[in-house]
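Peer 1: Spelled out, the chains give:
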Amino acid sequence: MFKIIEIVIIAIAGSVATGFFIWYFVNEIRGRKACASCAVKDKNY
Amino acid sequence: MVEAKNSQLIIALAGSPNSGKTSIFNNLTGAMQHVGNYPGVTVEQKTGLRKYRGYSIKVFDLPGTYSLTAYTLDEIVARNYIINEKPDVVVSIVDSSNLSRNLYLSTQLIELDVPLVFAFNMSDIFKKSGTEVNLDLLSVLLGAPIVQTVGSKGTGMSELLDKVLEVHENPQARKRVNLKYGDELENEVSKIIEILKKTQAKLSQKFNLRWLAIKLFEQDREVLKSLKVLLEEKFYTDLVKAAENSINHIKNVSRDMPETIIAESRYGFINGALKETLIEKPQNEVSASDRIDRVLINRVFGLPIFAIIMWLMFQLVFKVGDYPMNWLALGFSRLSQLLSTALPAGLLKSLLIDGIIGGVGGILVFTPKIMLLFICIALLEDSGYMARVAFIMDRVMHKIGLHGKSFIPMLIGFGCTIPAYMCTRTLESKNDRMITMHINTFMSCGGRLPIYILFAGIFFPKNAGNIIFSIYVIGIVFAVLTAKLLRATRFKGEAEPFVMELPTYRVPTVKGVLIHMWERTWLYLKKAGTIILAISIIVWILFTFPRIGNAYSEGCSEQLAVLEQSFSLGDISEKEYKDSALVIEGKIAAEKLAHSAAGKIGRFVEPVFKPLGFDWRLSLASISGMAGKEVVVSTMGTLFSLTNENKDSQSLRSAIAGQYNPLVGYNFMLFSLLYFPCIASLAVFRKEAGTKELLFQIGYTLGLAWVVSFIVFQVGRIFI
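Protein chains in written order, with our numbering: chain A, 1 to 45; chain B, 1 to 720.
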């Protein structure tokens, strides 16, 4: 039983992680910056 | 003042770079900030909220610009925001220690005819200079109230907000100031205004017509573009023709372009206003800033001092950062031990310990060092030294056909390459911009730092600070060489001249430094908690499946069974049993990894990396690093956690040290430095420079990284 639960949890974690990975990079490539991407302050001098 | 209940107010902060706009923004909004983008462009939009006297004030931090012409994207964005969004009040932040230069932007805000309040910032430095100003008179001349502020200390913030509310609540009291451009130009401006008045009402609703006319004389590309969209074709053609006639007339009469006359008139207005209101003391003593500059930007000592400061920074980051890093590492290894005893053996336990703690934990342990590095960078930036670095580098940059201004994006690249790419927009020449973007890749970003800390710490524990410093310097050297190469081949021409500003030195404030440090650390943590977590799970799955079952080669299972039997019969001691079991379990884990999907990918690409001294593990880590350089470390963490029964940080480090020699370790850092930073940065690169340049960037950096690492390894192994 534990093994089945284990497999299910891993399958869910894997799917969510892969989904997030794809979503993140598709957004990055489209330039929509999924992570407010490294929007470190643009220092002008 | 009467308290307004639940009233909304929008204010925009406009100011030149280095006017202290950010410190005022931070003081006004505190932690209630949001970073986003202006619509359609990747210029950062910072907003914050402030509750004050019953008002809910939304504060917009506009990009720092010297003027509101249409030369750079930042200027266009700032101007469009004011015109299109019509904030209730615009606060013009002026560096009091440099009034004549900073007020230029203010004159353009006056022309825009928006409700204005002036914040004369850094008034403490101004007062120390001994110069006095008749603020009441100057405020009348400029047509808006003036508040003296010290952004770095938070002085004058309430007064500033009071004046903002006063201007907002009493629109009828607003005094309109018209800058005069001379009779000849004024006549022509009036003619154009008359033509503009004949247009649909929508034009006068959106723009101040006098401002629009002036922009037509300045032949402002953006304004012409908007008018073309807004007006009927015939009307637009007639208007442009009329403007051209007027411009030609002005040129004939004054032998100057109207644009020049307008700029001169603005400076004339400023000089006049300041002459009437400033009481300057005779300048017979040298200011503190000038005295410091005599040393720091000295032609001979400037560059070595910069190198020493950088070297000290890395020593500090590495040596001091070691303590909290070790505490965190200890914490994660305790957590692993706890989970190890609490959970039954199996996949879930391995996912948590090897995948998540090994991967994400492997990244999080470096947080203290990242924080320390960013504290140092914030100190250098806030003190005004970073601006000097561009000046110091100017001579070096000219030798490679670039201007010192190109060094600024490179400095920003030490934090993250993405804003560094965006920052190249301040360069007006396309060639300069392309070269600067290409060489920015070689600036060691924050994502690469964990790789350096890990490998330098493992292979060069006594000289880790020096080793990391050398990697940063090598990055700069490759940037310089690449710039020279590109200037000689793909982007020929001379660097455009530009005047660099040297702001007055300031003592950085604790609050300012902490905010800057936290902004960057938060992004690092956010990345660790999101994309790196996701990648760690994926990497763990790739390392775990497909499973090999119990058919291990070399009869590992049988060996283990025999060992257990010998131990139970008392033939071997417990220590002998544990040591031998560890060796066999290590072999089993290595077999499992080799059989896994990731193992197969690693072995597939290994031949490409073998000449560089990288085995399949390092090859795989390099590939995973394309998603983000931190991922290299999380992949290594998962990989070595899976092959080690002992999960503590020290054992993982020993395991890596046992696999490779210092030459491979250094070469791996070098390879990680030279190839492009991450996929996200490539996406921004493409957006900013186009697909052709992107392909060049990918090919060039990968090729260079491979060739350099190949030479280093092949030559190095002759000696080692």
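By construction, these hints were calculated from the structure, which means they are not laboratory data. Be aware that one or more of the hints could be misleading.
[Stated by the list, open to error] Which residues of chain A face chain B? A partial, calculated answer using Cβ under 8 Å:
#	residue
1	F2
2	E6
3	I9
4	I12
5	A13
6	G14
7	A17
8	T18
9	F20
10	F21
11	F25
[To be verified] In the BS3-like style, the derived pairs of lysine-lysine whose C-alpha atoms are separated by at most 25 Å in a straight line are:
#	chain 1	residue 1	chain 2	residue 2
12	B	K349	A	K3
13	B	K86	B	K234
14	B	K511	B	K526
15	B	K399	B	K51
16	B	K86	A	K3
17	B	K198	B	K153
[Claimed, not checked] Using C-beta positions, here's what the derived DEER-type ranges look like:
#	chain 1	residue 1	chain 2	residue 2	range
18	A	I5	B	Q714	29 to 39 Å
19	B	A288	A	N27	42 to 52 Å
20	B	N245	A	N27	29 to 39 Å
21	A	G19	B	A288	50 to 60 Å
22	B	K600	A	T18	39 to 49 Å
23	B	D615	A	T18	49 to 59 Å
Just so it is clear, CB atoms sit at the ideal spot from N, CA and C, and this is done for glycine as well.
Peer 1: Against each hint, give a clear statement of whether it holds in the structure.
Peer 2: A quick look at each hint next to the structure:
| no. | hint | verdict |
| --- | --- | --- |
| 1 | F2 | holds, 7 Å |
| 2 | E6 | holds, 5 Å |
| 3 | I9 | holds, 6 Å |
| 4 | I12 | violated, 10 Å |
| 5 | A13 | holds, 5 Å |
| 6 | G14 | holds, 5 Å |
| 7 | A17 | holds, 4 Å |
| 8 | T18 | holds, 6 Å |
| 9 | F20 | holds, 5 Å |
| 10 | F21 | holds, 5 Å |
| 11 | F25 | holds, 6 Å |
| 12 | B/K349 to A/K3 | holds, 11 Å |
| 13 | B/K86 to B/K234 | violated, 29 Å |
| 14 | B/K511 to B/K526 | holds, 22 Å |
| 15 | B/K399 to B/K51 | violated, 52 Å |
| 16 | B/K86 to A/K3 | violated, 62 Å |
| 17 | B/K198 to B/K153 | violated, 51 Å |
| 18 | A/I5 to B/Q714: 29 to 39 Å | violated, 52 Å |
| 19 | B/A288 to A/N27: 42 to 52 Å | holds, 48 Å |
| 20 | B/N245 to A/N27: 29 to 39 Å | violated, 50 Å |
| 21 | A/G19 to B/A288: 50 to 60 Å | holds, 57 Å |
| 22 | B/K600 to A/T18: 39 to 49 Å | violated, 18 Å |
| 23 | B/D615 to A/T18: 49 to 59 Å | violated, 27 Å |
When the structure is compared with the earlier hints, violations turn up for hints 4, 13, 15, 16, 17, 18, 20, 22 and 23 and for no others.
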